[in-house]
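In the order they appear, the protein sequences are chains A and B.
In terms of my numbering, the first sequence has 156 at position 125, counting the first letter as 1, and numbering is strictly consecutive.
In terms of my numbering, the second sequence has 238 at position 125, counting the first letter as 1, and numbering is strictly consecutive.
Honestly, the hints are just simulated from the structure, not real lab data.
There may be inaccurate statements among the hints.
Claimed, not checked - Dumping the calculated DSS-like pairs for lysine-lysine here, alpha-carbon to alpha-carbon at most 30 Å:
#1 Lys183(A) <-> Lys164(A)
#2 Lys251(A) <-> Lys235(B)
#3 Lys146(A) <-> Lys183(A)
#4 Lys235(B) <-> Lys164(A)
#5 Lys235(B) <-> Lys146(A)
#6 Lys251(A) <-> Lys164(A)
#7 Lys132(B) <-> Lys324(B)
#8 Lys164(A) <-> Lys146(A)
As the list claims (entries may be wrong) - Sample of chain A residues with no beta-carbon within 12 Å of chain B, all distances over it, derived:
#9 Ala35
#10 His126
#11 Asn141
#12 Gln155
#13 Gly181
#14 Thr185
#15 Asp210
#16 Asn231
#17 Pro233
#18 Val234
#19 Gln244
#20 Phe266
#21 Phe277
#22 Arg286
We put the CB at the ideal spot given by N, CA and C, even for glycine.
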Amino acid sequence: MGLAKRIIPCLDVNAGRVVKGVNFVNLRDAGDPVEIARRYDEQGADELTFLDITASSDDRDLILPIIEAVAAQVFIPLTVGGGVRAVEDVRRLLHAGADKVSINTAAITNPQLVKDAAERFGSQCIVVAIDAKQGVWGASPRWEIHTHGGRKATGLDAVDWARRMESMGAGEILLTSMDRDGARTGFDLNLTRAIVDAVNIPVIASGGVGNLQHLADGVKLGGADAVLAASIFHFGEYTVGEAKRFMRDQGIEVRL
Amino acid sequence: MTDIAIIDYGMGNLLSVAKAFEQVAPTARVTVTADASVIRAAARVVFPGVGAMADCMRELDRRGLTGAVRTAVASRPFLGICLGMQALFEHSEEGDCAGLGILPGRVRLFPGQAMFDAEGNKLKVPHIGWNGVRHTREHPLWTGIGEDERFYFVHGYYCDPAEARLVAGTARYPFEFACAVVRDNLFAVQFHPEKSAAPGLRLLANFVTWKV
Numbered sequence: 032m033g034l035a036k037r038i039i040p041c042l043d044v045n046a047g048r049v050v051k052g053v054n055f056v057n058l059r060d061a062g063d064p065v066e067i068a069r070r071y072d073e074q075g076a077d078e079l080t081f082l083d084i085t086a087s088s089d090d091r092d093l094i095l096p097i098i099e100a101v102a103a104q105v106f107i108p109l110t111v112g113g114g115v116r117a118v119e120d121v122r123r124l125l126h127a128g129a130d131k132v133s134i135n136t137a138a139i140t141n142p143q144l145v146k147d148a149a150e151r152f153g154s155q156c157i158v159v160a161i162d163a164k165q166g167v168w169g170a171s172p173r174w175e176i177h178t179h180g181g182r183k184a185t186g187l188d189a190v191d192w193a194r195r196m197e198s199m200g201a202g203e204i205l206l207t208s209m210d211r212d213g214a215r216t217g218f219d220l221n222l223t224r225a226i227v228d229a230v231n232i233p234v235i236a237s238g239g240v241g242n243l244q245h246l247a248d249g250v251k252l253g254g255a256d257a258v259l260a261a262s263i264f265h266f267g268e269y270t271v272g273e274a275k276r277f278m279r280d281q282g283i284e285v286r287l
Numbered sequence: 114m115t116d117i118a119i120i121d122y123g124m125g126n127l128l129s130v131a132k133a134f135e136q137v138a139p140t141a142r143v144t145v146t147a148d149a150s151v152i153r154a155a156a157r158v159v160f161p162g163v164g165a166m167a168d169c170m171r172e173l174d175r176r177g178l179t180g181a182v183r184t185a186v187a188s189r190p191f192l193g194i195c196l197g198m199q200a201l202f203e204h205s206e207e208g209d210c211a212g213l214g215i216l217p218g219r220v221r222l223f224p225g226q227a228m229f230d231a232e233g234n235k236l237k238v239p240h241i242g243w244n245g246v247r248h249t250r251e252h253p254l255w256t257g258i259g260e261d262e263r264f265y266f267v268h269g270y271y272c273d274p275a276e277a278r279l280v281a282g283t284a285r286y287p288f289e290f291a292c293a294v295v296r297d298n299l300f301a302v303q304f305h306p307e308k309s310a311a312p313g314l315r316l317l318a319n320f321v322t323w324k325v
């Protein structure tokens, strides 16, 4: 028996409610975070990720009571991201019950934050989120990092950036294809494979899951250590248990 | 008097540990505390922790808790979790720093560049996720927990006890390493029982009823 591949339902949080965007616009309300978290725990979710998608503009403290409430009732790992800008933000989220904290925009504006947070709390709880879009930069496919929910291009190459973040102390990469997010056509497997091959830390594939085969492909073809999805679980199309049995039947080691 | 004292030295997610104990022992008085006298008076002591070893040692020292940890280890049911397991050993490669030296052995970094699974895929460091735990000896804390039950791990360093008789459980990544150690009234685990769903809660419940 070895380490299981993880299935991670993602809860995008906006002002205390779970939502899921289609290409990060047209937000749809999906329900109460604690209720959803408990349902996923019962289904066998390996971990939960909360992303505060409006944290840049709204009061990001709104997520703290949500994390506290979930952590008090659901005993699986919780990752929280969105609006993390300082070591103090990381500390408060960990203190509220988060096990890992995901840093996105601030890692780009202030890479030293990743190093400082990893040195203070350990690499194992520092996730760097990378939102990438494919672009034409010469002959081979390249992916450019975007921030602000995909609206702002940075000029940074996702593969180079992943390596740099690993060297700064990131313990995990949460990789989202902005081209696929909400499109339900599957992960960008070329992007996933490129990042997985570039780094030695775990990679969570995200963005584009529309069916269970997409999850299995993320692991088998993309090489991801974990797969993250939102809408296929939120609206009851599939349970996490169904997803795990599907993956097991394709020869993937999962926790059942 | 406190039934279960959870040592607060500013390292990581103590809320989850406290809530998990409240879940499995609703009538117990569970206290998260940085007060050495409360720890000394508690019936059971939990030493959790996430983060870097050097900070752990410095914070314990700064808060005057090192003595209380030693007293608890010597006298009552004591549960170390994650960094709280690693800190019990003599030395850690993380920051090349000394631990409490309560247990003989060292804490080592997984050799990330040289680790592959049976199919030749590279294994990542940190070791993050759910891995099976093999019981290397019978123990009251394993009651009701099956062989190879999965628990949640999140760590880049692992404990390498100097004495095989300390080992209570192992996990494989890709080599077998000690993920649970025991000595008298002390039990310590590398994984996070408070984050390991039903099997984790069972281990915590076993700790609450453990008669040393």
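List of violated hint numbers, smallest to largest
9, 10, 12, 16, 17, 18, 22
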